[in-house]
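**Student:** Residues per chain, in single letters:
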Amino acid sequence: QSALTQPASVSGSPGQSITISCTGTTSDVGTYKYVSWYQQHPGKAPKVMIYEVSNRPSGVSHRFSGSKSGNTASLTISGLQAEDEADYYCSSYRSSSPPYVFGTGTKVTVL
Amino acid sequence: EVQMVESGGGLVQPGGSLRLSCEASGFTFSSYWMSWVRQAPEKGLEWVAKIKEDGSEKYYVDSVKGRFTISRDNAKNSLYLQMNSLRAEDTAVYYCAREAIAIFGVVTYYYYYMDVWGKGTTVTVSS
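Which chain is which? The protein sequence lines are A and B, in order.
Residue numbering for the first sequence follows our numbering, starting at 1 and increasing by one per position.
Residue numbering for the second sequence follows our numbering, starting at 1001 and increasing by one per position.
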């Protein structure tokens, strides 16, 4: 039941693009399209930013995009803004128990 | 407005019990799978348990099996988590979360992500 692997931190300057990776296995990310990404500001509940690998919920900025290749999913934030500074978690559906697994989390810092 | 409000958290001694509640409003509660997700202090998110729309199926992370029980009362639009034999490592903020769906007539499509979250309730297990 290991968590998906994410880099501990990623940083960028305002206006730049950054990419966060999320590595799983053939039991989760590699097999299913049910990969989602969540943004969490300090002391707040998570908010979904991407679902089904690359879909944005209504109201989420077009600056957020997702993709997947093999066992690794990625979240890209374009035109980085100060408000994007937060923790980001990937998540995937799994073929075995437990049915969901989250990533280790990535702290995004806007320089 | 769609929202969920958790309650029931607090300080409990190791080995003790606590029952968390999550009251939902603004949507048809009985149409959704529901989950509990927790976050230990300064740690990442951990999925804990989920329950089917009618309560007939339940799933748990291994670390809480046999100690935690998820349940729901659709008449009261409420989700519960009964936590027994609590350990220090259960200390966390506990969130209830709704699993996203789309309904097309009589067909329900499951997206397998959590689209609505409560603000969380804090559980501290300490002597």
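Accuracy of the hints is not assured; some may be wrong.
Within a straight-line C-alpha distance of at most 30 Å, the following computed DSS-like cross-link-like pairs (lysine-lysine) qualify [unchecked claim]:
(1) B:LYS1119 x B:LYS1076
(2) A:LYS47 x B:LYS1065
(3) B:LYS1043 x A:LYS33
(4) B:LYS1058 x B:LYS1119
(5) B:LYS1052 x B:LYS1076
(6) B:LYS1043 x B:LYS1058
(7) A:LYS47 x A:LYS107
(8) B:LYS1076 x A:LYS47
(9) B:LYS1076 x A:LYS33
(10) B:LYS1058 x A:LYS44
(11) B:LYS1065 x A:LYS33
(12) B:LYS1052 x A:LYS68
(13) A:LYS68 x B:LYS1043
(14) A:LYS107 x B:LYS1119
(15) B:LYS1119 x A:LYS33
(16) B:LYS1052 x B:LYS1065
(17) A:LYS68 x A:LYS44
(18) A:LYS44 x B:LYS1119
(19) B:LYS1052 x A:LYS33
(20) B:LYS1052 x B:LYS1119
(21) A:LYS44 x A:LYS33
(22) B:LYS1119 x B:LYS1065
(23) B:LYS1076 x A:LYS68
(24) B:LYS1052 x A:LYS47
(25) B:LYS1043 x A:LYS44
(26) B:LYS1058 x A:LYS33
(27) B:LYS1076 x A:LYS44
(28) A:LYS33 x A:LYS68
(29) B:LYS1058 x B:LYS1076
(30) B:LYS1043 x A:LYS107
(31) B:LYS1043 x B:LYS1065
(32) B:LYS1076 x A:LYS107
The set of hints was computed from the structure by calculation and includes no laboratory data.
**Student:** Each of the hints needs a verdict: does it hold here or not?
**Tutor:** How the hints compare with the structure:
1. B:LYS1119 x B:LYS1076: Satisfied, since the Cα-Cα distance of roughly 19 Å is no more than 30 Å.
2. A:LYS47 x B:LYS1065: Roughly 27 Å separates the two Cα atoms, so the pair holds.
3. B:LYS1043 x A:LYS33: Given that 30 Å is the threshold and the Cα spacing comes to 26 Å, the pair holds.
4. B:LYS1058 x B:LYS1119: holds (23 Å)
5. B:LYS1052 x B:LYS1076: holds (16 Å)
6. B:LYS1043 x B:LYS1058: Given that 30 Å is the threshold and the Cα spacing comes to 25 Å, the pair holds.
7. A:LYS47 x A:LYS107: holds (15 Å)
8. B:LYS1076 x A:LYS47: holds (26 Å)
9. B:LYS1076 x A:LYS33: violated (34 Å)
10. B:LYS1058 x A:LYS44: holds (27 Å)
11. B:LYS1065 x A:LYS33: OK: LYS1065 of chain B and LYS33 of chain A at ~28 Å, within 30 Å.
12. B:LYS1052 x A:LYS68: Holds - the C-alpha atoms of LYS68 of chain A and LYS1052 of chain B are around 29 Å apart, at most 30 Å.
13. A:LYS68 x B:LYS1043: Holds, at about 25 Å.
14. A:LYS107 x B:LYS1119: holds (20 Å)
15. B:LYS1119 x A:LYS33: Between LYS1119 of chain B and LYS33 of chain A the Cα gap is close to 28 Å, so the pair holds against 30 Å.
16. B:LYS1052 x B:LYS1065: Given that 30 Å is the threshold and the Cα spacing comes to 17 Å, the pair holds.
17. A:LYS68 x A:LYS44: holds (27 Å)
18. A:LYS44 x B:LYS1119: The hint holds at about 7 Å.
19. B:LYS1052 x A:LYS33: Answer holds: LYS1052 of chain B to LYS33 of chain A is near 21 Å, not above 30 Å.
20. B:LYS1052 x B:LYS1119: Holds. LYS1052 of chain B to LYS1119 of chain B sits at ~22 Å (cutoff 30 Å).
21. A:LYS44 x A:LYS33: holds (27 Å)
22. B:LYS1119 x B:LYS1065: holds (24 Å)
23. B:LYS1076 x A:LYS68: With a Cα-Cα distance of about 40 Å, the restraint between LYS1076 of chain B and LYS68 of chain A is violated, given a limit of 30 Å.
24. B:LYS1052 x A:LYS47: holds (22 Å)
25. B:LYS1043 x A:LYS44: Measuring from Cα to Cα gives roughly 14 Å; hence the hint holds.
26. B:LYS1058 x A:LYS33: holds (23 Å)
27. B:LYS1076 x A:LYS44: holds (26 Å)
28. A:LYS33 x A:LYS68: Holds, at about 9 Å.
29. B:LYS1058 x B:LYS1076: holds (19 Å)
30. B:LYS1043 x A:LYS107: Holds, because 12 Å separates the two Cα atoms, which is no more than 30 Å.
31. B:LYS1043 x B:LYS1065: This hinted pair holds, its Cα atoms lying about 21 Å apart.
32. B:LYS1076 x A:LYS107: Outside the cut-off at roughly 38 Å; violated.
Checked against the numbered hints given earlier, the structure breaks hints 9, 23, 32 and satisfies all the rest.
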